[in-house]
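Student: As they're listed, the protein sequences go chains A and B.
Heads up: the first sequence runs through residues 79 to 377, numbered per the numbering used here.
Heads up: the second sequence runs through residues 79 to 377, numbered per the numbering used here.
Accuracy of the hints is not assured; some may be wrong.
Okay, the calculated bits of chain A under chain B, using three or more residues with CB under 8 Å as the criterion [to be verified]:
#1 180-188
#2 235-241
#3 328-338
If you're looking for bench data, these hints aren't it; they were derived computationally from the structure.
Glycine included, C-beta positions come from ideal geometry on N, C-alpha and C.
There are 2 protein chains.
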Amino acid sequence: MNEPSYPLHLQRLVEEYLESLDFGADRRAARLVEAMRYSLLAGGKRIRPVLTLAVADSRGVEPATVLPTAAALELIHTYSLIHDDLPSIDDDDLRRGRPTCHVVYGEDVAILAGDGLFSEAFHLVLDQQRADSGALLAVVAEIARATGVGGMVGGQFMDVAGLAADHDDLRVMHALKTGRLIEAAIVAGALLSGAREDREPSAGAAEVAAYRAFATELGVLFQIVDDILDETGDAAVLGKTAGKDRTQAKATYVALFGLDEARRLAEETHGRALDALRALPGDTAVLVQIADYILRRRH
Amino acid sequence: MNEPSYPLHLQRLVEEYLESLDFGADRRAARLVEAMRYSLLAGGKRIRPVLTLAVADSRGVEPATVLPTAAALELIHTYSLIHDDLPSIDDDDLRRGRPTCHVVYGEDVAILAGDGLFSEAFHLVLDQQRADSGALLAVVAEIARATGVGGMVGGQFMDVAGLAADHDDLRVMHALKTGRLIEAAIVAGALLSGAREDREPSAGAAEVAAYRAFATELGVLFQIVDDILDETGDAAVLGKTAGKDRTQAKATYVALFGLDEARRLAEETHGRALDALRALPGDTAVLVQIADYILRRRH
Chain A
79 MNEPSYPLHL
89 QRLVEEYLES
99 LDFGADRRAA
109 RLVEAMRYSL
119 LAGGKRIRPV
129 LTLAVADSRG
139 VEPATVLPTA
149 AALELIHTYS
159 LIHDDLPSID
169 DDDLRRGRPT
179 CHVVYGEDVA
189 ILAGDGLFSE
199 AFHLVLDQQR
209 ADSGALLAVV
219 AEIARATGVG
229 GMVGGQFMDV
239 AGLAADHDDL
249 RVMHALKTGR
259 LIEAAIVAGA
269 LLSGAREDRE
279 PSAGAAEVAA
289 YRAFATELGV
299 LFQIVDDILD
309 ETGDAAVLGK
319 TAGKDRTQAK
329 ATYVALFGLD
339 EARRLAEETH
349 GRALDALRAL
359 PGDTAVLVQI
369 ADYILRRRH
Chain B
79 MNEPSYPLHL
89 QRLVEEYLES
99 LDFGADRRAA
109 RLVEAMRYSL
119 LAGGKRIRPV
129 LTLAVADSRG
139 VEPATVLPTA
149 AALELIHTYS
159 LIHDDLPSID
169 DDDLRRGRPT
179 CHVVYGEDVA
189 ILAGDGLFSE
199 AFHLVLDQQR
209 ADSGALLAVV
219 AEIARATGVG
229 GMVGGQFMDV
239 AGLAADHDDL
249 RVMHALKTGR
259 LIEAAIVAGA
269 LLSGAREDRE
279 PSAGAAEVAA
289 YRAFATELGV
299 LFQIVDDILD
309 ETGDAAVLGK
319 TAGKDRTQAK
329 ATYVALFGLD
339 EARRLAEETH
349 GRALDALRAL
359 PGDTAVLVQI
369 ADYILRRRH
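Model the full structure from these sequences, guided by the hints.
Tutor: Structure below.
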């Protein structure tokens with residue numbers, strides 16, 4: 079089976095932008111920046127920033143103009159991976175086929191590299207000077223919520239604490255741990271290209287809500303496929319140890335439902351994502367392509 | 079010698095506000111929030127948020143209106159302490175007289191508690207709805223810079239890597255590790271109460287620069303006194319192990335210059351801080367009181 083198609087032109091934009099970041103640090107912090115770049119430039123599909131660019135593109139906004147915020151979301155994703163991989167959390171030695179940050183740079187530097195990426199992410203968003211200040215504030219608020227205890231960190235905690243015992247818990251855990259940041263990537267793209275989110279939803283102001291509905295399905299889809307790949311993928315393609323979730327007795331979609339039912343759930347969720355896409359304005363072909371990719375990806 | 083006076087009315091405002099924060103998390107993340115609050119509510123003089131309030135007050139702005147941002151700076155300070163205390167970094171068991179976060183909640187939860195406090199700090203700033211959006215964006219940018227590789231995290235890295243061997247390195251390390259966040263606290267207070275910082279400094283726009291000059295001296299003063307107290311203080315008053323810097327052969331002002339010269343440097347820096355204060359508008363009596371407190375504090 080061939081790897082499904084992916085918007086490589088957007089991935090390339092992100093990659094070049096990330097490669098250009100040196101975080102302007104004092105030379106004394108050179109090794110910290112090296113650790114940050116080591117993890118940041120380990121490859122990957124860059125799904126979050128590509129989503130930000132794809133949403134802007136679909137709304138007729140030049141993708142390059144939202145690159146700093148798109149990249150910020152990849153910095154945040156990388157920060158969460160570095161901390162997740164630490165010995166006291168998931169204790170992973172391998173990530174994207176390479177030794178993890180703490181294996182190469184030591185645990186102390188890895189913790190600080192994660193912390194630094196998080197700060198620099200906000201710095202990038204704020205550097206995006208062409209955006210109007212209302213949109214920028216909304217993006218910062220979105221990222222703060224998506225990463226906090228009601229988002230990514232809360233989900234990581236539930237995972238660490240082994241609190242995801244049934245389907246409902248599992249859904250909440252993943253919605254927080256991975257879903258909220260994917261949602262933030264999509265919503266940021268919308269906000270920076272003119273979509274408005276009113277606190278009092280009215281007829282004309284449900285635009286961001288439609289992006290959130292799409293993002294929610296995409297996040298769940300992403301996680302189900304991730305669990306399937308962990309069970310069935312081989313380590314060389316995955317770039318990490320396959321079957322690790324099972325060995326660690328983690329609650330996953332496969333553990334809860336079995337492989338066949340998990341695959342059916344993935345198809346069903348993909349269908350709902352495409353339904354949600356139909357409510358969005360503009361040319362959403364690239365967003366469809368990404369949803370298809372997430373369903374059919376092999377790593 | 080009596081403890082010098084301190085603006086307790088501002089400290090009390092901060093304390094009550096911090097106490098009220100529950101981060102609105104899912105009940106499943108209750109223990110994470112407990113760990114965050116455990117470290118956040120361990121007491122202390124709350125110097126950073128008190129500075130934010132004091133600057134607002136000096137400019138005729140009701141201190142309570144800048145409380146969320148002031149508190150955000152204490153959340154960030156607490157996050158940095160939690161990560162600093164981790165076994166792979168400073169390996170401290172005791173902080174403010176109590177077992178450190180990782181001792182009580184485990185290393186995994188402590189890492190996430192720090193991460194969560196950082197996210198929630200931005201959340202607090204953005205919730206400050208009465209401020210104008212230009213000022214809020216400037217505050218977020220200030221905090222991002224102050225905490226990143228060109229700020230707090232960069233300074234922590236230099237400390238961890240043992241890169242502070244001479245006076246120049248020591249000055250840079252502390253300016254980044256503690257100075258920049260103290261500066262952000264002061265600048266945030268100024269920005270939220272109407273001070274403007276132009277990218278092209280002109281006659282009328284040097285206002286924020288004057289606050290930065292004061293902040294720089296105050297940050298250095300804070301660190302010199304910290305080093306003196308580590309050498310001379312007793313553990314019961316300090317709430318941490320005295321003499322630890324010396325045992326760990328850390329570069330400190332005392333190690334580099336000896337106790338007498340460090341004390342002379344502290345007096346001299348305090349004098350420069352008061353000089354810088356004279357360039358500031360409004361009634362700066364409380365800021366003078368804080369500078370005096372930092373010089374004469376016993377823990």
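Student: Each hint needs a verdict: does it hold in this structure or not?
Tutor: Quick rundown of the hints versus the structure:
no., hint, verdict
1, 180-188, "holds (count 4)"
2, 235-241, "holds (count 5)"
3, 328-338, "violated (count 0)"
When each numbered hint is compared with the structure, a violation occurs for hint 3 only.
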